[in-house]
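All the letters of the sequence shown, read from the start, carry residue numbers -23 to -1, 1 to 784 under mature numbering (1 follows the signal peptide of the UniProt record, and there is no 0).
By construction, these hints were calculated from the structure, which means they are not laboratory data. Watch out, some of these pointers could steer you wrong.
Unchecked claim - Here are the simulated BS3-like pairs of lysine-lysine, each with C-alpha atoms no more than 25 Å apart in a straight line:
1. Lys80 with Lys19
2. Lys577 with Lys623
3. Lys387 with Lys19
Claimed, not checked - Computed Cβ-Cβ distance ranges for the label pairs, DEER-style:
4. Arg647 with Met380: 54 to 60 Å
5. Ser276 with Ser601: 41 to 47 Å
6. Met380 with Asp142: 33 to 39 Å
7. Met484 with Gln143: 58 to 64 Å
8. Pro288 with Trp776: 44 to 50 Å
Quick reminder that beta carbons are idealized off the backbone N, C-alpha and C, glycines included.
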Amino acid sequence: MEIHKAVLLVGLFLFTDFLRCHSQSTDVLEAYMKTDGAWIVKLPKSQYTAKTVEDCAVKCNKETFFTCRSFLYHEKDQDCVTLPANSKTDLILRRMSVALYEKKEYLLECMNGIGMDYRGTKSKTKSGKICQRWEGTFPHVPNITPKTHPKADLESNFCRNPDGDQGGPWCYTTDPGKRWENCDIQDCTEECMQCSGENYRGKISTTANGFTCQRWDSQKPQNHGYIPSALPDKYLEENYCRNPDGEPKPWCFTTSPSKRWESCNIPRCTTEPPTIVPELTCANGEGSSYRGTIAVTVSGKTCQEWSSQIPHKHSKTSENYPCKGLDKNYCRNPDNERSPWCYTTDPETRWEYCSVPSCGDQPRPEEPVIPVGEECYEGDGSSYRGAMSETVSGKKCQFWTSMEPHRHSKTPQNFPKADLRRNLCRNPDGDRAPWCYTTDPSVRWEYCNIERCDNKPNTQEPPINPTKLVPTDTSEETDCKVGNGASYQGPTSNTITGVTCQAWSSMTPHQHASFTPETHPDKGLESNQCRNPDNDVNGPWCYTTDRNKKWDYCQIPDCDGLKCGQPAVKPKRCFGRIVGGCISKAHSWPWQISLRTRSKIHFCGGTLIDAQWVLTAAHCLERSESPSAYKIVLGIHTERATEASKQERDVSKIIKGPAGTDIALLKLDRPALLNDKVMPACLPEKDYIVPSNTECYVTGWGETQGTGGEGFLKETGFPVIENKVCNSAAFLNGRVKEHEMCAGNIGGGTDSCQGDSGGPLVCYSQNTFVLQGVTSWGLGCANAMKPGVYTRVSKFVNWIERSMKEN
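Working from the sequences, and respecting the hints, build out all of it.
Following this line, the structure appears as structure tokens:
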């Protein structure tokens, strides 16, 4: 018994010691900020082999050759590189499967106490004098140097406080008449904002009139589209005041049912705002840095002065937007529009874009037209010109012209032939596939969710069962993957380039310790088959038998069969407009139906959501309460409906939505035959709110106002506009209800129109189109500042499911 006690005590001691070491190894990473897919090329550097990322962090903390500000870690190669640089001092490049870990203390631009621990990059004094380098001797010979104070991080000419000066960080100056001066560094505890608070990260959570802020990840009591997970670059944390949409100052939704949202009282910082390089004769990207003197719009109208409220009242004043250069009546872009603009002196025209030339080789397009292209790529995808803007893990792409959240050099000006429009997936640098920078600050870049054209299913294979709306067989014998292939157990043992895989238990030709049958006994690493033991978003991989290539991905096809929201014919996803817009590819929106009179005249649209049910707008059914007054036509592309794929159905039942709503269900007299030309769209999650700026698509045979394409199904894509913005006085002035949503371009020219009513607004996510809206109403068609309004389907999911079940 005593022996058992001793063994137990030893075991307990070892287990406790393990927990202590494990806790220490985890805690060491709390001092770092991680960014996937980021890489810094910098000398000097130190390179080590490290079995874990925590081991690499310890190497950085103990680095003696230089001050280690960050490190790179490649998990599969177990490669650790410590660096004296970070994203504030050096250009970050992109590299697959590498993660950059930066010490948070070197990223802060504020100080705690008197700033002895300040490690930022400010290098100007309070009076604006440039700092002298600490190792320099001109114009002043210092008595405090990197040698005399080796732990004070006296590098370059950054402000520091090596001697505990009560005035805070300081530096020797480059002015011969001023030996030294304190720097103006903001206190980390000070609650203040620069400019209009776009980058405010403080913790104030009360509005100007004392309302408590609602958490951003909550939908009660206010439903909204500012979802933290969808807008990671906006830092929508807890219930803190933020400015995600270009308001004059930070704001929040409130916890009061009587007050939807309100601005917060946050004082302006006393430190100087971030500087920009003004563009005086042309504009890069959206032209936010343009400071030239053009003051005329594209149609020749004179601009109204920003300080004036006549003829148009507005909030875009220099007081509200102090960093946007709102001088006189010059064209500017204070709110991240697609190019510089101004209010006009014409009372009938509130605002227009200006003709500011682009600084690049290519002129700025008159319309933000997304090129039409196949949703697959040839070769390495350098020629891909499709409309995908989502990565393999479902992240939204960052605009190529933007430097937020990731700074980069892949701009339209630097790569004029790469077609770097908007945030579309492209391959400007000859990588192996189209890619983009992501809007997630922690993930620098990813490959895009696009297949190679030669990976399409073989047309000679047996046809998919048209009634099968679930994934095909995914058993171990099936050589295909679901999602990223984390559960893949198939037989493929060659990489994407045809190289044979090294056995997971072998250490020849490549030594490795992270992924073996012993470390991951449940991952199928018994032989040399491709596997995904680390949940890599790009799919299964293996170590290779090529001595010059440690590891590579494998080409494993997807198992998905015919599913709702996944058309067999990939849509163009045309970013134009139904009014003046784009003719769809035949049968690329197979859930679109035509609602017709008994005499077969089209008058409204609708969406197939089940083999026997169609969703449409209630106002489309005003002509008659009788189901026999209507016909449903499916599987067509032309309004004439002469296709062999056409299916006709009578309506057996009409179920209108709750009073005051514009939604209705139509039951078909018999189920539609589901195939690649007739299939349902997916319903959204209950109460889901589509995030602001999500790009969605509408389709229809409606009025085109003489712009062409009559008689063919047309499509367009445009962004969702949050109800808070849509209900502002400049837009629809409070007309939009909670169970409705807005979508469109504020400049007009993009909209659904008469005859499109009742049709679908679908939004693309995770390789699937989800029905988020039913085309309902609007003020005219494609008018500026008057986006379309759609019934929000997620608010009616319970009603839809209950109605279908009971009828």
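Hint check:
1. Lys80 with Lys19: 16 Å, holds
2. Lys577 with Lys623: Roughly 13 Å separates the two Cα atoms, so the pair holds.
3. Lys387 with Lys19: Satisfied, since the Cα-Cα distance of roughly 20 Å is no more than 25 Å.
4. Arg647 with Met380: 54 to 60 Å: Distance hint for Arg647, Met380 holds at roughly 57 Å.
5. Ser276 with Ser601: 41 to 47 Å: 45 Å, holds
6. Met380 with Asp142: 33 to 39 Å: Taking Cβ atoms as reference, Met380 and Asp142 lie about 34 Å apart, which means the hint holds.
7. Met484 with Gln143: 58 to 64 Å: 59 Å, holds
8. Pro288 with Trp776: 44 to 50 Å: 46 Å, holds
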